[in-house]
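When we follow numbering that gives the first Met the number 0, the leftmost residue of the sequence shown carries the number 0, and every step to the right adds one.
For the record, the hints were derived by calculation from the structure and aren't laboratory data.
Remember, predicted model here, so these are calculated numbers, not experimental data.
Some hints here could point you the wrong way.
The list that follows gives simulated cross-link-like pairs (lysine to aspartate or glutamate, EDC-like), each with its CA atoms no further than 20 Å apart [stated by the list, open to error]:
| hint | residue 1 | residue 2 |
| --- | --- | --- |
| 1 | K176 | D62 |
| 2 | K181 | E92 |
| 3 | K47 | D60 |
| 4 | K47 | E179 |
| 5 | K156 | E46 |
| 6 | K181 | D29 |
| 7 | K112 | D154 |
| 8 | K180 | D51 |
| 9 | K26 | D51 |
| 10 | K38 | E92 |
| 11 | K181 | D37 |
| 12 | K58 | E46 |
| 13 | K176 | D29 |
Label pairs and their calculated CB-CB ranges [as the list claims (entries may be wrong)]:
| hint | residue 1 | residue 2 | range |
| --- | --- | --- | --- |
| 14 | N105 | D34 | 26 to 32 Å |
| 15 | A63 | E179 | 31 to 37 Å |
| 16 | F88 | V39 | 35 to 41 Å |
| 17 | I56 | I162 | 21 to 27 Å |
| 18 | K176 | T107 | 14 to 20 Å |
| 19 | C32 | P153 | 21 to 27 Å |
| 20 | S35 | N152 | 20 to 26 Å |
| 21 | D163 | S50 | 22 to 28 Å |
| 22 | Y65 | N111 | 47 to 53 Å |
Every residue, glycine too, gets a C-beta built ideally from N, C-alpha and C.
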Amino acid sequence: MNLIKQKFIVSILMLFAAGCAQNKYAKTIDQLCPDSIDKVKALTISEKVLSDMHFRIEKSDIDAGYIRTIPLTGAQSFELWRNDNVGSFNQMEANLQNIRRSVEINLTQQENKICINCQANVQRLSMPHSQTGSNQDIVMSREQRSIYKFKLNPDQKASIKWIDLGRDNQLETEILKRIEKKL
């Protein structure tokens with residue numbers, strides 16, 4: 000069987016599998032309000048869950064009840080040990096684009112309970128081509144054996160930016176479910 004037929008068959012099987020998958024995140028969770036938990040335990044468990052998902056903590060403040068992570072680049076499909084892409088759309092988007100996510104955990108007092116709120120923000124890297132129309136858009140140079148580097152002109156470097164895509168409700172729900180399991 001030639002390579003084109005193999006790719007076609009694999010593509011059809013992937014589409015079929017994606018179409019048959021059920022969305023287990025149809026209902027998202029906004030916050031988690033467990034019974035009888037203190038602020039220190041809630042933050043400790045939240046940090047553990049985020050670390051297990053390979054997020055690095057940028058700021059953790061027990062007094063304020065707040066955790067913020069450093070932006071984490073979305074996992075590629077071959078990185079099976081990572082699980083920051085929740086859902087098939089997010090997995091495919093991270094494979095096709097440069098995506099990064101950051102998470103914030105806030106603890107709030109509601110009545111006699113401490114509630115855990117999670118917000119996951121998504122950004123995509125925008126790297127426009129140069130407007131001059133020259134053939135120097137992006138140059139890939141070979142500096143060592145099998146190592147390539149991108150070289151951008153100064154205009155391109157100035158135009159590179161992260162574009163805010165909003166919140167990732169599926170990731171927020173997954174984080175809160177994992178915190179709930181550890182409680």
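Hint by hint, here is what the structure shows:
no.	hint	result
1	K176 x D62	24 Å, violated
2	K181 x E92	29 Å, violated
3	K47 x D60	15 Å, holds
4	K47 x E179	12 Å, holds
5	K156 x E46	35 Å, violated
6	K181 x D29	18 Å, holds
7	K112 x D154	52 Å, violated
8	K180 x D51	13 Å, holds
9	K26 x D51	23 Å, violated
10	K38 x E92	35 Å, violated
11	K181 x D37	14 Å, holds
12	K58 x E46	10 Å, holds
13	K176 x D29	11 Å, holds
14	N105 x D34: 26 to 32 Å	19 Å, violated
15	A63 x E179: 31 to 37 Å	22 Å, violated
16	F88 x V39: 35 to 41 Å	36 Å, holds
17	I56 x I162: 21 to 27 Å	25 Å, holds
18	K176 x T107: 14 to 20 Å	19 Å, holds
19	C32 x P153: 21 to 27 Å	51 Å, violated
20	S35 x N152: 20 to 26 Å	60 Å, violated
21	D163 x S50: 22 to 28 Å	25 Å, holds
22	Y65 x N111: 47 to 53 Å	21 Å, violated
Violated hints, listed in ascending order, are 1, 2, 5, 7, 9, 10, 14, 15, 19, 20, 22; each of the other numbered hints is respected by the structure.
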